[in-house]
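**Student:** Sequence:
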Amino acid sequence: MPELPEVESLRRMLLESARGRKIVAAAIREPRLRRTVADDFIRKITGRGIDAIDRRAKYLLLRLSGAATLLVHLGMSGSLTHRGKDFADLEFDPAHDHLRLELDDGSALVYNDPRRFGLMKLVDSFELDSVQELRGLGPEPLEDGFNPGYLFRATRRRRAAIKNLLMDQRIVAGIGNIYACEILFRCRIRPGRAAGRITRREAGLIASHTKRVLANAIGDGGTTFRNYRDSRGQPGRFAARLQVYGREDQPCYACGTPIKCRVLGQRSSFYCPKCQH
DNA sequence: CTTATGGCCTGTCAGC
DNA sequence: TGCTGACAGGCCATAA
10 MPELPEVESL RRMLLESARG RKIVAAAIRE PRLRRTVADD FIRKITGRGI DAIDRRAKYL
70 LLRLSGAATL LVHLGMSGSL THRGKDFADL EFDPAHDHLR LELDDGSALV YNDPRRFGLM
130 KLVDSFELDS VQELRGLGPE PLEDGFNPGY LFRATRRRRA AIKNLLMDQR IVAGIGNIYA
190 CEILFRCRIR PGRAAGRITR REAGLIASHT KRVLANAIGD GGTTFRNYRD SRGQPGRFAA
250 RLQVYGREDQ PCYACGTPIK CRVLGQRSSF YCPKCQH
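In terms of this note's numbering, the first sequence opens at residue 10 and continues consecutively.
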């Protein structure tokens with residue numbers, strides 16, 4: 010589910026509701042996520058303050074007092090919601106509310122994840138760079154390190170589909186299936202094209218459309234295709250702006266040709282057979 | 001090194 | 001109505 014824009018939207022909301030708060034209690038109902046939550050998680054996290062909230066790729070980084078950082082990854086179906094007295098309308102989900110952090114103002118952060126592909130891991134803040142999950146990640150797509158020259162070089166001599174490279178977190182960090190499809194439509198490039206056949210000019214197009222699409226999606230609070238929810242349980246609004254994702258057989262907004270769907274690297278890839286080459 | 005594949009989990013939906 | 005299989009926005013381990 011959540012790709013960079015969803016995690017970034019979540020981060021911005023949590024800055025308002027959770028930064029500066031202290032974690033006064035924690036409870037785990039189901040520790041078996043992508044990796045089992047460590048035995049000493051509750052003991053180590055209780056009593057710490059939430060000093061800052063950052064993001065790297067699709068990981069949320071809660072900077073805690075005492076040089077600890079809580080790494081959160083939402084996997085395919087995870088959500089982290091902030092529940093206060095004024096948000097009592099958010100229903101409890103005993104089956105999938107796996108972890109709960111009680112804050113010092115009476116509110117709580119609740120991690121819900123039906124498929125349990127997510128991750129919740131406490132790490133030493135001084136060793137963040139060597140943490141396995143973050144090591145080896147490519148540049149942030151919205152930063153200057155991701156530019157036409159970088160992308161052009163990264164695609165040379167690569168026979169894999171350009172879409173697969175865009176989703177490869179070592180090449181560029183934070184893009185998943187939905188945004189890869191949307192970016193390539195806007196570049197008029199077919200998702201299955203070999204990366205090595207991308208021209209220098211096209212690398213420029215991909216870099217600029219990547220930045221534009223992601224920034225617009227963040228502005229819309231992300232995309233809810235199925236079940237993404239923000240920290241208040243609300244869906245993202247970018248779904249209304251999707252041009253190709255999930256639109257198989259429906260007319261292309263640009264030319265009217267039915268959108269096609271084919272599988273690349275086990276993921277559905279949507280494109281317009283007339284607009285994209 | 002690159003690329004392809006299967007596995008992890010549960011929920012939902014289409015088709016029978 | 002109930003069953004079955006396919007599929008879902010992520011990542012990782014393994015093999016070729």
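For the record, the hints were derived by calculation from the structure and aren't laboratory data. The reader is advised that the hints may include incorrect statements.
Simulated restraints on C-beta separations [said to hold, decoys possible]:
#1 Gly274 <-> Leu24: 30 to 40 Å
#2 Lys94 <-> Gln259: 22 to 32 Å
#3 Arg179 <-> Ser277: 43 to 53 Å
#4 Arg197 <-> Ala169: 41 to 51 Å
#5 Gln178 <-> Asp153: 11 to 21 Å
#6 Thr45 <-> Ser217: 21 to 31 Å
#7 Arg209 <-> Ser134: 13 to 23 Å
#8 Leu24 <-> Val272: 17 to 27 Å
#9 Pro260 <-> Asp133: 32 to 42 Å
#10 Asp229 <-> Asn156: 52 to 62 Å
#11 Arg197 <-> Leu151: 15 to 25 Å
#12 Asp133 <-> Phe101: 26 to 36 Å
Taking lysine-lysine pairs in the DSSO-like style, the calculated list, with each CA pair at most 27 Å apart, reads [what the hints assert, rightly or not]:
#13 Lys269 <-> Lys283
#14 Lys269 <-> Lys130
#15 Lys220 <-> Lys269
#16 Lys31 <-> Lys94
#17 Lys220 <-> Lys283
#18 Lys220 <-> Lys94
#19 Lys31 <-> Lys53
Please read these numbers as outputs of a predicted model, since none were measured by experiment. Ideal placement from N, C-alpha and C gives every residue a C-beta, glycine not left out.
**Student:** Please go over all the hints and tell whether each is borne out by the structure.
**Tutor:** Evaluated hints:
no. : hint                          : verdict
1   : Gly274 <-> Leu24: 30 to 40 Å  : holds (35 Å)
2   : Lys94 <-> Gln259: 22 to 32 Å  : violated (43 Å)
3   : Arg179 <-> Ser277: 43 to 53 Å : violated (22 Å)
4   : Arg197 <-> Ala169: 41 to 51 Å : violated (20 Å)
5   : Gln178 <-> Asp153: 11 to 21 Å : holds (19 Å)
6   : Thr45 <-> Ser217: 21 to 31 Å  : violated (42 Å)
7   : Arg209 <-> Ser134: 13 to 23 Å : violated (40 Å)
8   : Leu24 <-> Val272: 17 to 27 Å  : violated (38 Å)
9   : Pro260 <-> Asp133: 32 to 42 Å : violated (53 Å)
10  : Asp229 <-> Asn156: 52 to 62 Å : violated (25 Å)
11  : Arg197 <-> Leu151: 15 to 25 Å : holds (22 Å)
12  : Asp133 <-> Phe101: 26 to 36 Å : holds (33 Å)
13  : Lys269 <-> Lys283             : holds (10 Å)
14  : Lys269 <-> Lys130             : violated (39 Å)
15  : Lys220 <-> Lys269             : holds (25 Å)
16  : Lys31 <-> Lys94               : holds (17 Å)
17  : Lys220 <-> Lys283             : holds (24 Å)
18  : Lys220 <-> Lys94              : violated (37 Å)
19  : Lys31 <-> Lys53               : holds (13 Å)
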